[in-house]
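Colleague: Sequence:
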Amino acid sequence: MKIIAAAEDSGSIHALSMCSSGAKGSRKPIVFGAEGRSCYIQKMILVTVDGNDYIIVARKGGVVQMYDAWAYELVKEWKPVSKAFMSTVVGLQYSQGKLYVCNVSGRVVVRDLQAPDSEFGYWQTSISDPVSCFRVHPTDPGVAVAGGKDNDVEVVRLLPADATNSSTGSGQSHAPVEDELHGSSDASTPSSSGSSSLDEPAEESLTLWLSQHYRGGGGYSIDPLMNRSTVALDDFSDRTSRARRLYGRLGLSGRRQPVCRIWKAKNSHCPLGEPTAVAPIWVSDARFYDIENTAQGTYKLAVCTRFGELRLYNTRAHRRPIVTIEVSHHPLTALWHGLNSTSGAEILMMDTLSQVYKYNCETASLSLVMCGAHAGGCHVDMSTAEVPLIAMGGLDRHVRVYDFKTGRLMSKFGINSRVSGVAICTHSEDDDDTPDTSNRRGRETDQDDDGPSSKRPRIA
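Per my numbering, residue 7 is the first one in the sequence shown, and the count goes up by one each step.
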């Protein structure tokens with residue numbers, strides 16, 4: 007068993023070894039993938055593709071990398087296709103062979119890791135922004151939940167029903183687009199096959215069509231593909247509106263899939279004396295829960311907010327939350343399933359003071375499970391193996407591992423950097439003993455006074 011931690015100051019990844027009993031092993035940590043603070047890791051997950059374990063990270067600037075979890079070597083790297091995809095990454099999810107990357111601007115990129123070189127191995131779309139949380143449904147392909155500040159939580163379908171993105175296949179445009187592009191003989195540039203493609207012919211056709219039908223305020227022509235953001239906002243003529251719709255539907259920078267909004271929450275309330283009051287909205291994390299007992303086409307959502315509230319939704323019942331609980335006076339930063347994740351009975355939350363709360367959906371009871379270090383719980387991961395563990399890392403440059411049942415601090419590692427991501431890899435320690443990795447082991451920082459033998463956290 008080992009803990010994977012991302013260091014913000016150096017942009018590197020640390021592999022911290024642990025014994026199965028929880029005590030710190032004698033091995034030194036392995037440090038790899040250091041690219042500096044300018045390319046620090048914003049999100050990190052562990053995935054299994056075709057029986058192999060990989061570490062996938064999203065760095066500052068929109069770069070996504072895949073590392074081998076045991077050889078610690080870079081396997082693949084994807085760079086952003088445009089400047090719009092270089093914003094802060096807030097969602098990095100893997101479900102049913104597909105990797106989902108979402109940034110704060112609502113731009114979503116989907117990649118098929120099992121067939122990356124196929125015709126539909128990559129496509130993109132966009133959702134309502136700003137986005138601060140993004141989660142994908144574990145069993146329903148292409149369904150995701152997202153939300154942010156002043157952007158209430160919503161459930162969207164990113165992929166078509168057959169998950170093939172067939173509506174935007176390469177080599178052909180939509181029929182209405184072809185009609186508008188080739189409506190006149192002087193504005194069309196058909197290909198040799200008689201239809202316009204989404205590559206160079208379509209781009210030339212769109213450039214020629216817009217240049218001939220749109221004129222700036224001074225009477226001069228502009229290049230619409232090079233000056234997409236400089237189109238005059240006060241010109242709402244039919245030709246300009248039609249040109250903008252054409253560009254949005256063509257998707258010249260990559261395959262685009264229209265988003266189908268399934269459901270959106272509505273949290274307005276009218277307390278006594280304030281009929282126009284509206285509940286504040288700032289979604290920090292969300293999860294699908296009780297999946298096995300939910301009818302097809304219906305979703306149950308657990309949402310935590312920066313105002314310390316837990317909200318439970320049932321898309322079949324209402325747009326407003328069916329349960330609203332004030333969990334903490336501090337912002338809630340993370341939400342995940344408890345030990346009984348299959349039945350969806352337990353929901354765990356953590357606030358900015360590293361206090362972990364548990365809500366039981368069956369008994370409608372809320373309890374405080376444990377309290378970690380106040381500055382060490384910005385990022386959290388939980389393992390439901392034989393010994394349930396919780397790993398936390400944050401601003402105090404340490405990674406702590408707790409026993410979830412007893413709340414005892416089992417291990418503590420210093421990485422001399424702020425922690426920007428934590429993940430638990432439940433794997434036997436003997437499988438990681440290779441000559442290549444032993445030569446790359448870094449120097450482990452000694453523990454300080456609050457090590458495993460120090461004062462235990464409070465237990466509810």
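Hints listed in this document are in silico derivations from the structure and should not be mistaken for laboratory results.
Treat the hints loosely; a few may be bogus.
What the hints assert, rightly or not - DEER-style ranges, computed between Cβ atoms:
#1 45 - 322: 41 to 49 Å
#2 371 - 298: 16 to 24 Å
#3 323 - 144: 20 to 28 Å
#4 373 - 144: 39 to 47 Å
All C-beta atoms in this analysis are idealised placements derived from N, C-alpha and C, irrespective of residue type, glycine included.
Colleague: Should the hint that residue 373 and residue 144 are 39 to 47 Å apart at their CB atoms be regarded as holding?
Modeller: Given about 26 Å between the Cβ atoms, the range is violated.
Colleague: Would you say the C-beta atoms of residue 371 and residue 298 sit inside 16 to 24 Å of each other?
Modeller: 22 Å, holds
Colleague: Is it true that residue 45 and residue 322 lie within 41 to 49 Å of each other by Cβ?
Modeller: Cβ of residue 45 to Cβ of residue 322: about 44 Å, so the range 41 to 49 Å holds.
Colleague: 20 to 28 Å was suggested as the range; check whether the CB atoms of residue 323 and residue 144 agree with it.
Modeller: Between residue 323 and residue 144, where Cβ atoms are some 22 Å apart, the hint holds.
Consistency note: the structure conflicts with earlier hint 4 alone.
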